[in-house]
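Take a look at the letters that make up each chain.
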Amino acid sequence: MTITSAAMSEPAQEQKPAPLAPPPVEEGKMGIRLTEQQQRARRARSIAIALALGALVVLFYIVTLVKGPGVLVRPL
Amino acid sequence: MSVTYTHAEPSIADGRDYIALMKPRVMSLVVFTALVGLLIAPGHIHPVIGATALICIAVGAGAAGALNMWYDADIDARMRRTAARPIPTGRLTPGDALAFGITLAVGSVVVLGLLVNVVAAATLAVTIAFYVVVYTMWLKRSTPQNIVIGGAAGALPPVIGWAAVTGGFALEPVVLFLIIFFWTPPHFWALSLYRTEDYVRAGIPMLPVVSGAHETRRQILLYTFLLAPLGAAPWFLGYAGALYGVVALVAGGAMIALALRVRLKTEGDAPSKHLFAFSILYLFLLFAMLLVDRAVAAWGPFGPVAA
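As they're listed, the protein sequences go chains S and B. If you want my numbering, it's the 1-based position in the first sequence plus 4. If you want my numbering, it's the 1-based position in the second sequence plus 1.
Honestly, the hints are just simulated from the structure, not real lab data. Even for Gly, the Cβ is constructed at its ideal location relative to N, Cα and C. One or more of the hints may lead you astray.
Stated by the list, open to error - Using C-beta positions, here's what the derived DEER-type ranges look like:
{"#": "1", "chain 1": "B", "residue 1": "P95", "chain 2": "S", "residue 2": "G58", "range": "48 to 58 Å"}
{"#": "2", "chain 1": "S", "residue 1": "G72", "chain 2": "B", "residue 2": "R81", "range": "50 to 60 Å"}
{"#": "3", "chain 1": "B", "residue 1": "R82", "chain 2": "S", "residue 2": "G58", "range": "51 to 61 Å"}
{"#": "4", "chain 1": "B", "residue 1": "A100", "chain 2": "S", "residue 2": "L38", "range": "15 to 25 Å"}
As the list claims (entries may be wrong) - Where chain B lies over chain S, by a calculated footprint (3+ residues, C-beta under 8 Å):
{"#": "5", "stretch": "45-51"}
{"#": "6", "stretch": "56-65"}
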């Protein structure tokens with residue numbers, strides 16, 4: 005990926021005072037652009053992580069009920 | 002002025018790749034042997050806690066498989082049997098596999114410790130560490146005894162299952178450990194006999210590569226001679242009934258017969274393939290019969306000899 009600074013490529017005498025913000029970059033040119041397959045894979049992974057975290061929450065909830073209120077009071 | 006950034010290609014791995022990373026076939030044997038250890042242990046465990054223990058053991062086994070595939074990606078790519086795994090095919094980046102493996106390993110041990118007990122969790126942690134560090138990183142590429150010593154990791158799940166119920170250890174799960182431990186060499190050496198070229202290409206010092214097929218066949222037979230009586234040990238020691246004893250002796254006899262065939266009939270791969278296939282059935286039979294024996298002892302007319 006290549007980022008080219010417009011400020012560096014033009015003659016200095018024709019420039020207005022240098023702006024404080026970085027030069028505007030055409031929308032859609034920055035960052036990693038995922039292919040459709042990569043987007044599908046990322047979405048599937050995100051859903052899997054969400055489901056796994058949800059399952060953990062349910063598991064801890066059920067085990068807390070099974071073990072009763074004294075779940076944290078036990079010998080190690 | 003131009004700045005060029007390089008980055009790893011985003012992963013295209015889907016659920017199947019992550020499942021493959023966890024070695025589901027190995028995982029199924031791990032879960033089954035752990036289930037037997039859990040069910041034959043004395044005492045009571047709530048079904049939810051028991052299921053939680055099994056899930057944690059399965060996830061821990063998957064973590065060990067993922068970390069194994071992460072570390073061994075270079076040699077997996079050179080072996081026909083493993084070349085289609087997610088990392089060698091480029092579907093999954095090594096970094097993703099490492100992160101996945103570490104997350105599962107830490108998660109399974111922590112959840113087992115919090116929801117079941119600390120002894121089981123510590124044993125699971127030792128199992129994962131032994132498989133990844135001792136077997137995968139150290140022994141596998143350095144000695145033909147790799148699968149003999151490394152087999153200890155695969156033999157520990159019934160001990161974890163037992164510990165999940167009792168919070169400790171006893172001779173009974175140690176016998177189960179020893180059965181799997183002595184089962185591993187004939188099982189893997191039978192495979193390596195007809196996959197020797199793969200191991201040569203990958204530079205793995207499996208016994209047939211280092212000492213030749215003749216010595217491997219001899220050692221397969223020796224280990225099978227040790228394994229057959231050990232398989233019947235739960236009956237000799239009074240932990241299982243006559244039903245288990247008969248099946249263990251007959252199946253052990255079949256293992257010896259197949260190992261003898263491997264030793265004597267050196268032409269062709271068929272004897273090794275038959276031994277490899279039957280060894281899986283043998284281990285499954287022994288552990289399944291332990292469950293049947295417990296059920297019969299509880300509800301049927303034949304009790305264990307010591308009962």
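Here is how each hint holds up against the structure:
The given range of 48 to 58 Å is broken by P95 of chain B and G58 of chain S, whose C-beta atoms sit roughly 28 Å from each other. Range check, G72 of chain S to R81 of chain B: about 54 Å between beta-carbon atoms, so the 50 to 60 Å window is met. For the pair R82 of chain B and G58 of chain S, the beta carbons lie near 36 Å from each other, so the given range of 51 to 61 Å is not met. One distance hint, 15 to 25 Å for the beta-carbon pair A100 of chain B and L38 of chain S, holds here, with the actual separation near 19 Å.
For the stretch 45-51 of chain S, the stated coverage by chain B holds: 4 residues have a C-beta nearer than 8 Å to a C-beta of that chain, and at least 3 were required. Check result for the stretch 56-65 of chain S against chain B: holds, 3 residues qualifying (beta carbon to beta carbon below 8 Å, three or more required).
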